[in-house]
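> In the order they appear, the protein sequences are chains P and W.
Quick note: the first sequence, position 13, residue 25 per the numbering used here, numbers continuous.
Quick note: the second sequence, position 162, residue 625 per the numbering used here, numbers continuous.
No lab work stands behind these hints, which were simulated from the structure alone.
Being a predicted model, the structure only gives us computed values, none of them experimental.
All C-beta atoms, glycine included, are put in the ideal place defined by N, C-alpha and C.
Some hints here could point you the wrong way.
Calculated Cβ distances over 10 Å to all of chain W for the following chain P residues [as the list claims (entries may be wrong)]:
1. Leu-32
2. Phe-42
3. Tyr-44
4. Lys-54
5. Tyr-67
6. Ala-70
7. Gly-76
8. Leu-86
9. Lys-125
10. Tyr-128
11. Leu-131
12. Pro-134
13. Leu-135
14. Ser-202
In silico EDC-like cross-links for lysine to aspartate or glutamate, where the CA-CA straight-line distance does not exceed 20 Å [stated by the list, open to error]:
15. P:Lys-50 to W:Asp-470
16. W:Lys-600 to P:Glu-290
17. P:Lys-50 to W:Asp-564
18. W:Lys-497 to W:Asp-671
19. P:Lys-122 to W:Asp-671
20. W:Lys-600 to W:Glu-553
21. P:Lys-125 to W:Asp-554
22. W:Lys-489 to W:Glu-528
23. P:Lys-125 to W:Glu-553
24. W:Lys-538 to P:Asp-43
25. P:Lys-125 to W:Asp-671
26. P:Lys-125 to W:Asp-603
27. P:Lys-125 to W:Asp-564
28. P:Lys-122 to W:Asp-470
29. P:Lys-122 to W:Glu-559
30. W:Lys-497 to W:Asp-470
31. P:Lys-122 to W:Glu-553
32. W:Lys-715 to W:Glu-742
33. P:Lys-50 to W:Glu-602
34. P:Lys-54 to W:Glu-559
35. P:Lys-125 to W:Glu-559
Pairwise CB distance ranges (calculated) [as the list claims (entries may be wrong)]:
36. P:Trp-260 to W:Ala-582: 53 to 61 Å
37. P:Ile-57 to W:Gly-498: 48 to 56 Å
38. P:Leu-39 to W:Gly-770: 51 to 59 Å
39. P:Trp-45 to W:Gly-633: 28 to 36 Å
40. W:Ala-582 to P:Leu-65: 44 to 52 Å
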Amino acid sequence: MASLVSTQPTGAEHGGRGRLSPVTGALRQFDYWLTVYKRTWKGSIVTSFASPLFYVLAMGVLLGNYIHVSPERLDGATSYLAFIVPGLIAAQAMQTSVFETTYPVMGAIKWHKSFYAQLATPLETRDLANAFLLFTLFRVGSTCAVYFVVMAPFGVFATWWGPVLAWGVTMLVGMAFGTWTFALSATVTSEASFGLVFRLGLIPLFLFSGSFFPISNLGPVLETIAKVTPMWHGVNLTRMLCLDTVDWSTAAINAVVLLAVMVVGWYAALRSLARRLES
Amino acid sequence: MVEHFSDVMIRARGLRKSFGDLEAVKGIDIEVHKGEAFGFLGPNGAGKSSTMRMIAAVSPASGGELSILGMDPAKDGPAIRARLGVCPQEDTLDVELNVFDNLYIYGRYFGIPRAEVRARAEELLAFVQLTEKRTAKVEDLSGGMKRRLTIARSLINRPDVLLLDEPTTGLDPQARHLLWDRLFRLKQQGVTLVITTHYMDEAEQLADRLVVMDKGVIAAEGSPLELIRQYSTREVAELRFPVGDHDATAEKIADLGERVEVLPDRILVYSDDGEHVLEEVHGRGLRPLATLVRRSTLEDVFLRLTGRTLVD
Chain P
13 MASLVSTQPT GAEHGGRGRL SPVTGALRQF DYWLTVYKRT WKGSIVTSFA
63 SPLFYVLAMG VLLGNYIHVS PERLDGATSY LAFIVPGLIA AQAMQTSVFE
113 TTYPVMGAIK WHKSFYAQLA TPLETRDLAN AFLLFTLFRV GSTCAVYFVV
163 MAPFGVFATW WGPVLAWGVT MLVGMAFGTW TFALSATVTS EASFGLVFRL
213 GLIPLFLFSG SFFPISNLGP VLETIAKVTP MWHGVNLTRM LCLDTVDWST
263 AAINAVVLLA VMVVGWYAAL RSLARRLES
Chain W
464 MVEHFSDVMI RARGLRKSFG DLEAVKGIDI EVHKGEAFGF LGPNGAGKSS
514 TMRMIAAVSP ASGGELSILG MDPAKDGPAI RARLGVCPQE DTLDVELNVF
564 DNLYIYGRYF GIPRAEVRAR AEELLAFVQL TEKRTAKVED LSGGMKRRLT
614 IARSLINRPD VLLLDEPTTG LDPQARHLLW DRLFRLKQQG VTLVITTHYM
664 DEAEQLADRL VVMDKGVIAA EGSPLELIRQ YSTREVAELR FPVGDHDATA
714 EKIADLGERV EVLPDRILVY SDDGEHVLEE VHGRGLRPLA TLVRRSTLED
764 VFLRLTGRTL VD
């Protein structure tokens with residue numbers, strides 16, 4: 013049988029090559045994530061595609077039948093369905109990314125320890141976090157893309173290009189939340205913390221960030237608070253693009269906020285994983 | 464700039480590791496040469512795994528010098544890890560992937576081309592006798608099979624040095640022997656092995672040279688035979704008396720050997736002629752419940768050096 017061992021000389025003479033580039037580091041995990049996706053995509057269809065449709069049907073169509081108000085009171089939407097769909101898609105982006113970066117991250121550290129196995133290779137914590145977040149981005153992107161496509165026949169989009177840009181925004185929303193949730197999951201030692209994240213973070217943001225009603229209904233104080241959350245920026249930008257009611261200066265602020273939260277979050281994710289695993 | 468390196472694969476001088484106030488490794492010197500099987504023998508908590516993690520270039524040293532394959536782990540971690548094989552103490556296999564995919568995916572982390580990694584995976588499955596299990600899920604494997612798969616995984620990059628942290632802990636005797644056989648074959652192929660273990664028989668089976676570690680320091684170093692010669696006698700007479708009698712009895716026979724150790728369940732008398740010790744014991748009218756004469760082992764070396772047994 014062939015030799016199972018290296019016949020390389022020892023030492024630096026054949027290149028004590030340093031770190032991998034971030035791109036190489038992420039690419040080397042492509043086959044892994046592809047395998048994970050092949051194994052899980054069928055199951056994820058139900059949670060990521062079917063349940064949003066239930067929401068649209070229940071709240072947009074059936075509940076929406078009781079809501080007949082002028083477009084001015086619905087941020088310019090001509091129907092409640094048209095109003096709620098962009099909000100639901102933005103919320104879906106947040107939920108998908110939060111789910112992808114809670115239990116799976118803890119599992120890779122604590123339960124099946126796959127991060128430790130990966131770190132025994134030339135990969136570094138930076139590469140693990142990058143690939144994980146890129147996969148989360150893919151999940152958010154694919155889930156939201158299907159959502160947009162399925163909603164198109166309902167006539168809720170004012171232009172063809174609006175939803176295309178809005179799709180990009182939902183990915184920003186996903187990463188604004190996914191990066192920070194990743195950072196948190198890499199820090200906490202018990203999955204009990206996730207209950208808190210879901211109940212005190214995810215659900216209030218889902219309910220009160222303008223997905224279901226214009227936040228002007230909240231009253232001045234709560235409205236100000238809602239406007240500080242990245243979720244509102246995401247919902248607002250998605251909705252303006254879908255309804256073709258874009259105020260470009262507001263849109264710029266929305267986009268910059270989401271981008272900034274994502275960039276700082278990405279950095280926080282890398283930092284917290286390194287702190288957790290490099291001891 | 465080309466520096467000439469001898470056959471030293473791993474070199475540590477005054478190597479230390481602390482976790483907060485806890486000092487796990489308190490300044491050790493080691494040198495591992497190409498092609499040798501080097502062992503760290505010591506009880507749980509001796510600092511073996513901490514040392515191993517530093518050698519694996521995944522845990523930064525707190526002090527001292529460490530050079531692996533002529534490189535500095537603080538600077539060249541990825542380049543070092545590219546040439547190491549690591550078999551960790553706990554299985555870190557991906558339980559949701561099948562046997563073959565575990566090897567395939569892992570090889571890809573090293574940047575090995577797809578066709579090449581497939582060929583290597585098949586070859587390694589044959590080597591660890593898991594070819595028939597190639598499509599089985601990892602969770603369905605026995606403990607011994609998982610260990611063998613982990614070893615196969617650690618060989619996917621054709622490493623210069625293979626690090627094995629407690630490779631057979633938790634395995635039944637048959638699985639252990641099968642694993643030892645595979646490791647022995649690797650050794651014959653010239654793989655440099657670094658093994659930690661708290662089993663003296665494992666150290667004797669596999670290690671050409673070893674250090675006895677206790678409480679973060681190296682207590683002794685040498686080949687298993689040298690250590691036994693230096694720190695123990697040729698033979699040991701083991702005597703078992705009724706519970707509670709051991710201390711009193713030990714005093715009566717203290718002169719029969721070079722040394723007498725009292726353990727909770729037996730007395731050990733160190734002598735070059737164990738049978739003679741037994742005769743003398745009986746000659747003094749003592750009636751042990753059970754007796755055994757055996758050769759000295761690394762367990763005795765450890766007992767001598769630390770006053771404690773390896774597995775407690």
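> Look at each hint and say if it fits the structure.
Cross-check of the supplied hints:
1. A beta-carbon of chain W is positioned within 10 Å of the beta-carbon of Leu-32 (chain P); the least distance is around 6 Å.
2. Not every C-beta of chain W lies more than 10 Å from that of Phe-42 (chain P), the closest at about 8 Å, which undercuts listing it as non-interface.
3. For Tyr-44 (chain P), the shortest C-beta to C-beta distance to chain W comes to about 5 Å, within the 10 Å cut-off, and the non-interface label is violated.
4. No Cβ of chain W approaches the Cβ of Lys-54 (chain P) within 10 Å, the least distance being about 14 Å, so the stated non-interface status holds.
5. The Cβ of Tyr-67 (chain P) lies farther than 10 Å from every Cβ of chain W, with a closest approach of about 30 Å, so its non-interface assignment holds.
6. Under the 10 Å C-beta cut-off, the non-interface status given to Ala-70 (chain P) relative to chain W holds; the minimum distance is some 34 Å.
7. At roughly 41 Å from the closest C-beta of chain W, the C-beta of Gly-76 (chain P) stays outside 10 Å, upholding its exclusion from the interface.
8. The non-interface label for Leu-86 (chain P) is consistent with chain W: the shortest C-beta to C-beta separation is roughly 45 Å, beyond 10 Å.
9. For Lys-125 (chain P), the condition that its CB be more than 10 Å from all CB atoms of chain W is violated, with the nearest at approximately 4 Å.
10. Against the 10 Å criterion, Tyr-128 (chain P) falls within the reach of chain W, whose nearest CB is about 5 Å from its own CB.
11. A beta-carbon of chain W is positioned within 10 Å of the beta-carbon of Leu-131 (chain P); the least distance is around 5 Å.
12. Not every Cβ of chain W is farther than 10 Å from the Cβ of Pro-134 (chain P); the closest lies at roughly 4 Å, contradicting the non-interface assignment.
13. Not every Cβ of chain W is farther than 10 Å from the Cβ of Leu-135 (chain P); the closest lies at roughly 6 Å, contradicting the non-interface assignment.
14. Taking the minimum C-beta to C-beta distance to chain W, about 19 Å, the non-interface status of Ser-202 (chain P) holds against the 10 Å cut.
15. The suggested pairing of Lys-50 (chain P) with Asp-470 (chain W) is violated, with an alpha-carbon distance near 45 Å, which exceeds 20 Å.
16. Simply put, Lys-600 (chain W) and Glu-290 (chain P) have alpha-carbon atoms about 30 Å apart, too far for the 20 Å limit, and the pair is violated.
17. Restraint check for Lys-50 (chain P) and Asp-564 (chain W): satisfied, since their Cα atoms lie roughly 13 Å apart, inside the 20 Å limit.
18. Distance hint between Lys-497 (chain W) and Asp-671 (chain W) is fulfilled; the C-alpha atoms sit about 12 Å from each other, no more than 20 Å.
19. Between Lys-122 (chain P) and Asp-671 (chain W) the alpha-carbon distance is near 35 Å, which puts this suggested pair outside the 20 Å criterion.
20. As the CA atoms of Lys-600 (chain W) and Glu-553 (chain W) are separated by approximately 18 Å, the hinted pair is consistent with the 20 Å bound.
21. The suggested pairing of Lys-125 (chain P) with Asp-554 (chain W) holds, with an alpha-carbon distance near 8 Å, which does not exceed 20 Å.
22. Distance check on the hinted pair: Lys-489 (chain W) and Glu-528 (chain W) sit about 13 Å apart at the alpha-carbon level, within 20 Å; holds.
23. About 9 Å separates the Cα atoms of Lys-125 (chain P) and Glu-553 (chain W), which keeps this hinted pair within 20 Å; it holds.
24. At most 20 Å may separate the alpha-carbon atoms for a hinted pair to count; Lys-538 (chain W) and Asp-43 (chain P) exceed this at roughly 28 Å.
25. Our distance criterion of 20 Å between C-alpha atoms is broken by Lys-125 (chain P) and Asp-671 (chain W), whose separation comes to about 32 Å.
26. Taken as a hint, the Lys-125 (chain P) and Asp-603 (chain W) pair is honoured in the structure, with Cα atoms around 18 Å apart against an allowance of 20 Å.
27. Taken as a hint, the Lys-125 (chain P) and Asp-564 (chain W) pair is honoured in the structure, with Cα atoms around 17 Å apart against an allowance of 20 Å.
28. Using a Cα cut-off of 20 Å, the hinted pair Lys-122 (chain P) and Asp-470 (chain W) is violated, with the two alpha carbons roughly 38 Å apart.
29. The hinted pair formed by Lys-122 (chain P) and Glu-559 (chain W) meets the criterion: a straight-line CA distance of about 15 Å does not exceed 20 Å.
30. For a cut-off of 20 Å, the pair hint linking Lys-497 (chain W) to Asp-470 (chain W) stands: about 5 Å separates their Cα positions.
31. Under the criterion of a C-alpha separation no larger than 20 Å, the hint pairing Lys-122 (chain P) with Glu-553 (chain W) is consistent with the structure, at around 12 Å.
32. Taking the CA atoms of Lys-715 (chain W) and Glu-742 (chain W), the gap is about 14 Å. The hint holds against a cut of 20 Å.
33. Restraint check: the Cα-Cα separation between Lys-50 (chain P) and Glu-602 (chain W) comes to about 19 Å, which is no more than 20 Å; the hinted pair holds.
34. Proximity of Lys-54 (chain P) to Glu-559 (chain W) is assessed by CA-CA distance (about 15 Å); at most 20 Å being required, the pair is judged to hold.
35. Restraint check: the Cα-Cα separation between Lys-125 (chain P) and Glu-559 (chain W) comes to about 12 Å, which is no more than 20 Å; the hinted pair holds.
36. With their beta carbons about 57 Å apart, Trp-260 (chain P) and Ala-582 (chain W) fall inside the hinted range of 53 to 61 Å.
37. Checking the proposed 48 to 56 Å range against Ile-57 (chain P) and Gly-498 (chain W) shows it holds: the Cβ atoms sit about 54 Å from each other.
38. A hinted range of 51 to 59 Å for the beta carbons of Leu-39 (chain P) and Gly-770 (chain W) is consistent with their spacing of about 54 Å.
39. One distance hint, 28 to 36 Å for the beta-carbon pair Trp-45 (chain P) and Gly-633 (chain W), holds here, with the actual separation near 31 Å.
40. Checked against the hint of 44 to 52 Å, the pair Ala-582 (chain W) and Leu-65 (chain P) passes, with Cβ atoms roughly 46 Å apart.
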